Every structure is written in structure tokens, then in C-alpha cells.
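Asks: So the chains spell out like this:
2 protein chains.
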Amino acid sequence: MPPEVRAMAARDKKAVMDILRNTAEFKPVEVDTAEELIDAYLDEGLLSGYYTYVGTVDGKVLGYICYGPTPLTVGTWDVYWIAVSPEAQRQGVGRALLAAAENDIKSQQGRLILIETSGKSNYVKAQNFYSSLDYEMISRIYDFYEPGDDKLTFLKRLG
Amino acid sequence: MPPEVRAMAARDKKAVMDILRNTAEFKPVEVDTAEELIDAYLDEGLLSGYYTYVGTVDGKVLGYICYGPTPLTVGTWDVYWIAVSPEAQRQGVGRALLAAAENDIKSQQGRLILIETSGKSNYVKAQNFYSSLDYEMISRIYDFYEPGDDKLTFLKRLG
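Chains A and B, in that order, are what the protein sequence lines are.
Using this note's numbering, read the first sequence as starting at 37 and increasing by one per residue.
Using this note's numbering, read the second sequence as starting at 37 and increasing by one per residue.
Hints were generated in silico from the structure; no laboratory data involved.
Remember, predicted model here, so these are calculated numbers, not experimental data.
One copy or two, it doesn't matter: identical chains are merged, so the pair holds either way.
With a straight-line cut-off of 27 Å between C-alpha atoms, the simulated DSSO-like cross-links for lysine-lysine are:
| id | residue 1 | residue 2 |
| --- | --- | --- |
| 1 | K96 | K63 |
| 2 | K63 | K142 |
| 3 | K156 | K192 |
| 4 | K142 | K156 |
| 5 | K187 | K142 |
| 6 | K50 | K96 |
| 7 | K161 | K96 |
| 8 | K63 | K49 |
Only chain A is shown next, with the shape it has when bound in the complex (with noise of 0.2 Å):
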């Protein structure tokens, strides 16, 4: 079966929770972060911001993606987090969220989107797969996050 892509809805947070501590990437700090966003998004839907859905492969949430308008923007948004199950990686789970959300930002005349990530070496994967999908590098800002892990940014401009 395709991975499918729909709403997070309440049910969905124990599965999402699982998939962002099993990821070995993600800090603590970072899981409480993305908690956050997922909670405001659970209790006030898209007035909060974050748009966040979860793709399932026979029912079963195996990731998810939470992305918004950038504030004080006309037309950009931000991709804040996408996390797919280690146990279910190169399956299409990502690239279809990553595909939801730009249809999504697409039909809401977004022309821009952006994405920012970590520089160090376990986050390669990552790097590669925004590439993979036509997102361009175009900036490093060194010792960002702190000494030795830099911050990248990938955008990409819709059609």
C-alpha cells in the first residue's frame, strides 16, 4: 500500500511521540518543542499556525509533518518538523508528507518554502533527502545550535 496523508487528530499523538523519541537525531528539548506545536495544533486546529498531518501505510502512523505560514510573511512558509519512524524509512512515507504539504502551501498561493535543519553528519539523510526533492542549500551559518552544528536552509520556490 502508498503511504496515505491525513489530519493529525488527537488519537494520533501517542504514535506521533513514539516516532520523535525513537529518533536518535532529535534532543530531548527538541521532542518537548514539537510537542508543543503538536498540542497547539490539537487544541486550536489551524488558527495556531501548524498545520500538521501524519502518513499512515495500512492505517498505521508511521510519520508526520507540521508546517505553517511564516509570520509577517506574504506567500512563505516554514516546513518546522518531519519525522518518519526509523523502523519505517525509504518506504514514501516522507516524501509523501513532504508532497501534502507542498500541494497544501501550493493552493494557499505559497511561493516559497523553507526548511532548516542541522549541518552535523547524522543529519545527512535529511540534507539529502530535501535535495533529492529539488530543495536548494543556500545558507550554513556555523556553530549555530552550538559549537560544531551548524544550521543549513533549504528553500524551495513553487512553480
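Based on these hints, arrange chain B on the given structure of chain A.
Replies: The following block gives chain B in isolation, referenced to the frame of chain A:
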């Protein structure tokens, strides 16, 4: 008298809002956002994450700055807003505010300061101001704020 810098108090709000509203570069939605951060600081103090100071000459509030630690980083700080009354330009108020912020950030083990600003021609004065204080422009995202309005990011590495 040289400019002085002190923590913003509730009694300063009217003067600061007048400065923001009289700054032609700021759109109404930007002034609203700046006010939200001011209110957060006045309500919660530094716990808000928004360090807010005013610059005065002879006791008159002529400018303000709002900065804070960048979430999910160790030692990186953002300058969110800085504004000086249009009638008080070139008196050193902006320099005094930014110097005070830098000293405060250094004292808290800050390593990096980032300032985002518009690439539009009416922001050239701001761009030159940051460059003159050893901020380096490290990225330009074309059409970030809206078509024709790029985002510039200035960076300074501390000591």
C-alpha cells in the same frame, strides 16, 4: 548628554509605540507584532524570552531594542527589533542600544548574534548601521517577505 540605556518599563510603552508608528519602514502588522513582544516582556519580564530596553537622552525615550536567546540553541541570540525615533537619528541612540545588548549577551555566554532585516532600499540605513558595527551579511533570501522584498541576515560572532 550621551544616550543612556535601561530596561523598559510600562510607563515607556506610549513613547515606544509612537516611535514604532512613526517609523515609515514598519508595516502595521509589524508594529502589532512588536507590540505583542513588548507586552510579553512587560507582563513576564525576561521569562518572556524578550529582553527589552529603551534608549534615552535627557530622560526622553528615543529608541528601543528587543532581543533574546534563540530557541533550541546554545549561545545564539536574535535581535528582533530595534528602532530609533525619526527625530533622533544620528545621536548614537541605536549604537548605544545595540552595544548594551551585545554586552548583555556576552555576559550570558552568547556567541552569535543574528539580525534579520529587509533588503528594500528604504532599509539601506539599517543595513549600513549593522555593517558599520561589524555585522556581516551572511544571506539574502529573495522575495522572502513578499515579491520584491528580500530578507537579509546579518551575523556577528562575539569575542
